[in-house]
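Add chains B and C to chain A, keeping to what the hints say.
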Amino acid sequence: MTIQFNDETFRDDYSYHNSPAAIRRFPFPFDKDDYMYAVNMEPHGSGRAGSPFENRFDVDEHYVAEMRDREITLKEDPLRCQSLPHMELAGWDLLELIMEAKSEDYPELFSLHRDGDRWHWINRPLGIDHKFTFLDPTTLPYGPMEYITRQAQGDFAVLDQRDGNLWMEAGMVTSQADWSLDFDIGMNFFEWHAPVPLAHEMGIFQRALKFLLAIQQDAPSRRLNWTMTVNPRLDTSPENYHKWGPEKRTLTPENTGEKQYLRVELQTFFRLPRSNGLAFPIRCYLISLQDLVTVPKWGRRLHRVIRDLPDELAEYKGFTVNRPLIVEYLSRFDDGKPTSPGIFPDE
Amino acid sequence: MPATKFTPSIISRPIYGGLTPHGTVPALMLASGPGGEALLDLIAADPAVLPHATVIYIPEGSDLGPRLEAQGPASYVEAASYASILPRFRKLLAEAPMNTRLYLAGTEGLIGQATAEALAAGMLLEAIEAEHRGSLARRMQCVHCKGITEDVTTDPFTCSHCGLSLFVRDHYSRRYAAFQGVCVDAETPGEVPPKQEIKA
Amino acid sequence: MSAQMLRVTEIEALSPLVKRFRFEHPGGKKLPLFSGGAHVVVEMPDGDLLRRNAYSLISDPQDGSGYEIAVRREDGGRGGSRFMHSNVGQGDTLRISTPLNLFSLDARARKHVLIAGGIGITPIIAQMRQLLRMQDRFEIHYAARLRSEAAGLRLLPRLPHIHSHISDEGDRMDLGAILDRQPIGTHVYTCGPEGLITAVAQCAARLGWPRGSLHSEVFLAPPPGRAFEVTLAKSGRTVTVGPHQSLLEALEEAQVEIDWSCRGGACGRCETDVVSCHGRIEHNDHWLSEDEHSSQTKIMPCVSRFRGRELIIDR
Numbered sequence: 001m002t003i004q005f006n007d008e009t010f011r012d013d014y015s016y017h018n019s020p021a022a023i024r025r026f027p028f029p030f031d032k033d034d035y036m037y038a039v040n041m042e043p044h045g046s047g048r049a050g051s052p053f054e055n056r057f058d059v060d061e062h063y064v065a066e067m068r069d070r071e072i073t074l075k076e077d078p079l080r081c082q083s084l085p086h087m088e089l090a091g092w093d094l095l096e097l098i099m100e101a102k103s104e105d106y107p108e109l110f111s112l113h114r115d116g117d118r119w120h121w122i123n124r125p126l127g128i129d130h131k132f133t134f135l136d137p138t139t140l141p142y143g144p145m146e147y148i149t150r151q152a153q154g155d156f157a158v159l160d161q162r163d164g165n166l167w168m169e170a171g172m173v174t175s176q177a178d179w180s181l182d183f184d185i186g187m188n189f190f191e192w193h194a195p196v197p198l199a200h201e202m203g204i205f206q207r208a209l210k211f212l213l214a215i216q217q218d219a220p221s222r223r224l225n226w227t228m229t230v231n232p233r234l235d236t237s238p239e240n241y242h243k244w245g246p247e248k249r250t251l252t253p254e255n256t257g258e259k260q261y262l263r264v265e266l267q268t269f270f271r272l273p274r275s276n277g278l279a280f281p282i283r284c285y286l287i288s289l290q291d292l293v294t295v296p297k298w299g300r301r302l303h304r305v306i307r308d309l310p311d312e313l314a315e316y317k318g319f320t321v322n323r324p325l326i327v328e329y330l331s332r333f334d335d336g337k338p339t340s341p342g343i344f345p346d347e
Numbered sequence: 001m002p003a004t005k006f007t008p009s010i011i012s013r014p015i016y017g018g019l020t021p022h023g024t025v026p027a028l029m030l031a032s033g034p035g036g037e038a039l040l041d042l043i044a045a046d047p048a049v050l051p052h053a054t055v056i057y058i059p060e061g062s063d064l065g066p067r068l069e070a071q072g073p074a075s076y077v078e079a080a081s082y083a084s085i086l087p088r089f090r091k092l093l094a095e096a097p098m099n100t101r102l103y104l105a106g107t108e109g110l111i112g113q114a115t116a117e118a119l120a121a122g123m124l125l126e127a128i129e130a131e132h133r134g135s136l137a138r139r140m141q142c143v144h145c146k147g148i149t150e151d152v153t154t155d156p157f158t159c160s161h162c163g164l165s166l167f168v169r170d171h172y173s174r175r176y177a178a179f180q181g182v183c184v185d186a187e188t189p190g191e192v193p194p195k196q197e198i199k200a
Numbered sequence: 001m002s003a004q005m006l007r008v009t010e011i012e013a014l015s016p017l018v019k020r021f022r023f024e025h026p027g028g029k030k031l032p033l034f035s036g037g038a039h040v041v042v043e044m045p046d047g048d049l050l051r052r053n054a055y056s057l058i059s060d061p062q063d064g065s066g067y068e069i070a071v072r073r074e075d076g077g078r079g080g081s082r083f084m085h086s087n088v089g090q091g092d093t094l095r096i097s098t099p100l101n102l103f104s105l106d107a108r109a110r111k112h113v114l115i116a117g118g119i120g121i122t123p124i125i126a127q128m129r130q131l132l133r134m135q136d137r138f139e140i141h142y143a144a145r146l147r148s149e150a151a152g153l154r155l156l157p158r159l160p161h162i163h164s165h166i167s168d169e170g171d172r173m174d175l176g177a178i179l180d181r182q183p184i185g186t187h188v189y190t191c192g193p194e195g196l197i198t199a200v201a202q203c204a205a206r207l208g209w210p211r212g213s214l215h216s217e218v219f220l221a222p223p224p225g226r227a228f229e230v231t232l233a234k235s236g237r238t239v240t241v242g243p244h245q246s247l248l249e250a251l252e253e254a255q256v257e258i259d260w261s262c263r264g265g266a267c268g269r270c271e272t273d274v275v276s277c278h279g280r281i282e283h284n285d286h287w288l289s290e291d292e293h294s295s296q297t298k299i300m301p302c303v304s305r306f307r308g309r310e311l312i313i314d315r
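Residue numbers (the UniProt record's numbering), protein chains in the order written: chain A, 1 to 347; chain B, 1 to 200; chain C, 1 to 315.
Derived from the structure by calculation, the hints contain no laboratory data. Glycine included, each C-beta is placed from N, C-alpha and C at the ideal position. Please note: incorrect hints may appear among the correct ones.
[As the list claims (entries may be wrong)] Just the calculated beta-carbon pair ranges, DEER-fashion: (1) C:171 x A:130: 51 to 61 Å; (2) B:75 x C:176: 25 to 35 Å; (3) B:15 x C:43: 39 to 49 Å; (4) B:5 x A:312: 24 to 34 Å; (5) C:234 x A:207: 35 to 45 Å; (6) A:324 x B:162: 26 to 36 Å; (7) C:47 x B:23: 55 to 65 Å; (8) A:165 x C:294: 16 to 26 Å; (9) C:3 x A:328: 49 to 59 Å; (10) C:176 x B:65: 34 to 44 Å; (11) C:136 x A:214: 19 to 29 Å; (12) A:207 x C:294: 14 to 24 Å; (13) C:237 x A:207: 26 to 36 Å; (14) A:61 x C:237: 52 to 62 Å.
[What the hints assert, rightly or not] Selected chain A positions facing chain C (Cβ under 10 Å, derived; list incomplete): (15) 88; (16) 90; (17) 93; (18) 96; (19) 160; (20) 162; (21) 271; (22) 274; (23) 310.
[What the hints assert, rightly or not] Under the rule of at most 25 Å between Cα atoms (straight-line distance), these lysine to any residue pairs were calculated in the SDA-like manner: (24) C:111 x B:97; (25) C:29 x A:274; (26) A:32 x A:223; (27) C:30 x A:122.
Here chain A stands alone, though its shape is the one from the complex:
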């Protein structure tokens, strides 16, 4: 398998684009025509061939450009990557997990050679060829978590498990849906989810936590989450809200299909062996509405979901102001026909 990496941007001129193949494999998050919170966990690691669920860490045509965008964000704000002192071992766990998975799943792109603690890592797309000593941070240019997550798409939260709770105590967060790692670091599972409406009352987080605490080493899990973003911007951080906020108000009936994106998070959970921590990668996928409606099932379904979404959720996800425009645009692609179950396009 060869991947043609796009030359594209996630800011300024927003040249981000999905190839026809990337559109077909987009992780559409709705398996029915309405949406409410659920602890929608599934086993992760060997999903449908060609889908983003096929491998433990999906590498796609946006890989190189996303890593370039991460570098820009980190240069402007190094606090997007932080690890509390006791999380270093978990950082090594994460480095090993990603290096092993990528070199096994994409051998033509990545290779890992190990001779005891002497490791040799080759990342061909990013032109990295590096020999280092495992568990010796002085042999890496960054801490282990930062080193590997500068080479892996998506955000990463690394959670400590203790006192029957999960604590967000390390992370690399540059493509987030409006939450701040710098502010939330050190919080437990309930605290960092505190701003989410309705779900606490529904007992969603209690059930989810119970599930996550029991995740075992060889049994990673996944779920999908979603929101709406104007322009294909990865860095929709609260830190830069005053910079990207005005763009939210640039939507018009004429440009909605082109400028409004569905933003999907593929959230996965892996037990880390040495630290007993939990890795929580949050991979962001973006698709413009005009690309999305080329799959008729998705156009119909997204229209119904957005139209019928409870107001609190639209408000929390930050698109109340644009909801009428989005619903109007999508209604043109909903002929009222029934949709098939599941998230994948009809053949």
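Then chains B and C, alone, in the frame of chain A:
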């Protein structure tokens, strides 16, 4: 001035349960202004907390100091401000044994900052008792420039570092000992809603 | 729960009652690493019975070349440890689960105090190996009755902060002296008989320690009792649980699909809703809350039993 009762909010917003005595164990007591009354109430509820107690009091214009000292704690010190007493407080924490209880009373800013110090020193949250007394002013972090603005009493307010107009969220970071302030006119620059007094 | 067949490559007597077993992958494959305090479940095909016992790993958590456990022969037990001692030989293969940790170290601790009684030393050994490698500050207190029975002495290095207390020689472990004056940021880990764990908790409470600094693991084997019957709501079937069998084992024997992990009442995996209960559930687990125990609406089939007229569970 009685203990403040806050309206229920999101889970990350701290709740101050009031000072419950834990008997004769080593105690660090830190209070400011009307928080001194909470310490007096604590001592009245169980005088056994005194013999191993170090009391630090920041009067902030209040005259409770002599009364606190007259209770006869193991040691008593009056400080001009939290900042001025911080080095001594840190040393006390560094030398504290595992059964030490920390009693905090005063504004959220004082409780929050002292809690963050104690947690950083290895103390567990359950070993910390806190009671809110006095001003409802909040300690706010600007999520944009990261600067802390002390004694915020209105929503929205102006960040004392970068000048952005920020609205006050109940989302709270124990590490920063601060609530989160987010630009109120990010999407519509210049459209700042009128200021309102922060309520409990 | 995933598992793989591993070969017994070493058996060593650590004391008259305790044997060390080493398992390796028959093809030389590296085994999943783990963290100090983790256990594995060993499956023992004993005639018609499939026994499953959880054992703490004592080998170096960072060494994937093999897993090691130490098993104490319990002649009054249900037979698992007797099987390990009498029926398992070098070269045999057994199914061993992926490691799971319900007793992990608190990485934030400024200092770790590890307290072990008897065979409770096993998880502490792997925790110690992890702490030595991380160069963290710790001390170990190991209590045993007789030097000749103290298998832990063979596993503990001679270091000034590792203390053994042999009560028969007049050296009783003094919990008050151990806990007094420890600096804030200390975490205590206790493994051993229930009485030791209670004693540490009581001593810490008397000194005024916060409870969150105390961690413990009781090695809980399913206690025997009178036979009882349980009705399964989904199929309407009734299973009988024998005096030396657990409800979980009876369900497995009846081919009922049920998830499990620690088999000792601690992990929560086999938690089962009670549909109706006329009688008293003998809760032996550490998982359900006191409210859940007293309301009799849930049961942990791995360790808990029932006495009474009728118990219907949601299986």
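Please name the hints from earlier in the document that this structure breaks, with their numbers sorted from lowest to highest.
Checked against the structure, the hints that fail are numbers 5 and 23, while the rest are satisfied.
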